[in-house]
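Here the protein sequences line up with chains A and B, keeping their order.
For the record, in the first sequence the residue sitting at position 92 is 182 according to my numbering, with numbers rising by one throughout.
For the record, in the second sequence the residue sitting at position 141 is 145 according to my numbering, with numbers rising by one throughout.
These are computed hints drawn from the structure, not numbers from a lab.
Do not take every clue at face value.
Below, a list of computed lysine-lysine pairs in the BS3-like style, where the Cα atoms sit at most 25 Å apart [claimed, not checked]:
hint: 1; chain 1: B; residue 1: K100; chain 2: A; residue 2: K95
hint: 2; chain 1: B; residue 1: K100; chain 2: B; residue 2: K174
hint: 3; chain 1: B; residue 1: K154; chain 2: A; residue 2: K256
hint: 4; chain 1: B; residue 1: K177; chain 2: A; residue 2: K257
hint: 5; chain 1: A; residue 1: K165; chain 2: A; residue 2: K234
hint: 6; chain 1: B; residue 1: K88; chain 2: A; residue 2: K257
hint: 7; chain 1: B; residue 1: K225; chain 2: B; residue 2: K177
hint: 8; chain 1: B; residue 1: K88; chain 2: B; residue 2: K50
hint: 9; chain 1: B; residue 1: K174; chain 2: A; residue 2: K198
hint: 10; chain 1: B; residue 1: K100; chain 2: B; residue 2: K88
hint: 11; chain 1: A; residue 1: K257; chain 2: B; residue 2: K100
hint: 12; chain 1: A; residue 1: K139; chain 2: B; residue 2: K177
hint: 13; chain 1: A; residue 1: K95; chain 2: B; residue 2: K97
hint: 14; chain 1: A; residue 1: K165; chain 2: A; residue 2: K227
hint: 15; chain 1: B; residue 1: K50; chain 2: A; residue 2: K256
hint: 16; chain 1: A; residue 1: K139; chain 2: B; residue 2: K50
hint: 17; chain 1: B; residue 1: K97; chain 2: B; residue 2: K50
hint: 18; chain 1: B; residue 1: K154; chain 2: A; residue 2: K257
hint: 19; chain 1: B; residue 1: K174; chain 2: A; residue 2: K256
hint: 20; chain 1: B; residue 1: K88; chain 2: A; residue 2: K139
hint: 21; chain 1: B; residue 1: K225; chain 2: A; residue 2: K198
hint: 22; chain 1: A; residue 1: K96; chain 2: B; residue 2: K154
hint: 23; chain 1: B; residue 1: K174; chain 2: B; residue 2: K88
Short, incomplete list of chain A residues facing chain B, as computed with Cβ under 10 Å [what the hints assert, rightly or not]:
hint: 24; residue: L102
hint: 25; residue: P118
hint: 26; residue: T122
hint: 27; residue: R171
hint: 28; residue: D238
We treat Cβ as the ideally placed atom computed from N, Cα and C, and that holds for glycine.
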Amino acid sequence: MLTYKKIFSMTLILAGFLILISEFIYLPIDITWIIGATFILQGLFSVIKSLNNDRRDLLFLFTILFMIGIIFIIKSNFNIRETREIVFTSILLISGGAFLMLFIENSKERIFALVGVIFFIVGYLSINLLRDYGLTKISNSLAKTAEDFWPIVLISSGLILFLNRKK
Amino acid sequence: MEENNFPDIFDEKYETEPPQNRERLERSGSDFIIAGVCSGIANYFKIDPSIVRLLAIISLILGVWTIAFYLLLAYLIPSERNPKELTEEEITKQNKINLRTIISGIMIFSGIYFGFSSLGFFSPWYVLFLNNLFLISLVAIGLGIFLLDKDRVNKTEVKIITANKFHRAKEGKIFLGVCSGFAKYLNYSDVVTVRTIFIIATMLTLGIMFMGYLIIAAFTKYEIE
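Can you make the complete structure from the sequences, with help from the hints?
Here it is in structure tokens:
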């Protein structure tokens with residue numbers, strides 16, 4: 091039986107071999123592409139398994155992983171160097187995809203379809219229309235400012251979560 | 005001839021009892037995430053396993069060497085002789101604590117990593133010093149084979165009965181009960197993690213995620229007690 095752990099182990103081995111091959115034989119792929127492909131494989135098989143298994147938590151998680159894999163592949167193929175610029179759009183598209191997947195799993199919950207479509211539309215708009223209105227600039231400047239405080243936010247929220255782990 | 009007074013070691017009164025409860029470094033068989041190495045070390049030194057796990061995750065800043073060292077320890081340290089049998093409730097509680105430890109470890113690790121990068125002490129690849137892709141590939145293959153081998157033992161598949169309808173939760177709500185309801189709908193016991201991830205996503209999307217929260221709250225009802 092194909093378990094989640096087995097899927098993870100097999101994709102890990104595949105990723106290891108891909109890195110090894112790309113090191114010794116010339117392959118037109120970089121590490122970002124390999125990570126993306128690994129995430130896609132892991133996400134795809136786990137999503138299929140979760141749909142058969144009624145594991146909604148894992149379905150949501152692995153849909154996000156699958157979408158992150160796609161973002162990695164896009165980043166690698168289009169040589170996007172400034173990752174900061176795609177974070178905003180990526181999170182919206184990833185969340186949209188995850189909510190749509192929840193709707194596919196249980197089509198009675200139309201609210202997830204609505205939220206998913208809204209996130210997709212806002213994500214799409216953030217690429218095209220909103221850039222003209224300067225939203226991307228605002229988000230980039232905010233991200234630049236936040237970058238200085240981001241480590242403190244992460245470390246302190248991590249510590250709070252750790253100290254409250256038994257509650 | 006003089007009689008010597010050496011004691012007869014085969015005499016019953018000289019038999020010593022085998023040492024009981026002698027401390028031995030063992031991989032934990034009841035509390036583990038990958039191989040039970042961290043938990044085993046914690047049990048040996050009588051400290052909280054979460055602290056060892058957190059330190060192990062943070063030490064990933066040293067790069068893939070940490071994983072290689074972990075695999076080596078998993079190979080060298082024997083597994084526990086008499087693993088504790090846990091009840092279902094204990095397992096759920098343990099899983100919750102372990103998940104929170106992992107997530108907080110990842111957050112602290114990311115904070116340290118981004119902090120080093122933004123302060124300009126190291127370039128991102130230099131922080132993970134002495135790493136090369138060859139070593140990473142070997143560790144990935146090794147870890148994959150290790151997990152594949154370990155998975156042969158544990159083959160029980162958990163089938164969970166999930167709620168059919170999404171409701172906002174009244175119990176444990178902070179604002180409108182969407183995060184709690186969502187955690188319940190996903191059959192996921194830890195609401196705090198859902199909230200933390202939601203807050204981070206809201207910050208990164210300039211509040212658009214909160215708009216989604218409000219839409220869900222507007223179109224869904226509270227659960228019936």
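A quick look at each hint next to the structure:
no.	hint	in the structure
1	B:K100 to A:K95	19 Å, holds
2	B:K100 to B:K174	21 Å, holds
3	B:K154 to A:K256	28 Å, violated
4	B:K177 to A:K257	15 Å, holds
5	A:K165 to A:K234	20 Å, holds
6	B:K88 to A:K257	23 Å, holds
7	B:K225 to B:K177	13 Å, holds
8	B:K88 to B:K50	16 Å, holds
9	B:K174 to A:K198	22 Å, holds
10	B:K100 to B:K88	18 Å, holds
11	A:K257 to B:K100	10 Å, holds
12	A:K139 to B:K177	31 Å, violated
13	A:K95 to B:K97	21 Å, holds
14	A:K165 to A:K227	20 Å, holds
15	B:K50 to A:K256	18 Å, holds
16	A:K139 to B:K50	39 Å, violated
17	B:K97 to B:K50	20 Å, holds
18	B:K154 to A:K257	31 Å, violated
19	B:K174 to A:K256	22 Å, holds
20	B:K88 to A:K139	31 Å, violated
21	B:K225 to A:K198	14 Å, holds
22	A:K96 to B:K154	9 Å, holds
23	B:K174 to B:K88	37 Å, violated
24	L102	4 Å, holds
25	P118	15 Å, violated
26	T122	12 Å, violated
27	R171	13 Å, violated
28	D238	6 Å, holds
Checked against the numbered hints above, the structure violates hints 3, 12, 16, 18, 20, 23, 25, 26, 27; every other hint is satisfied.
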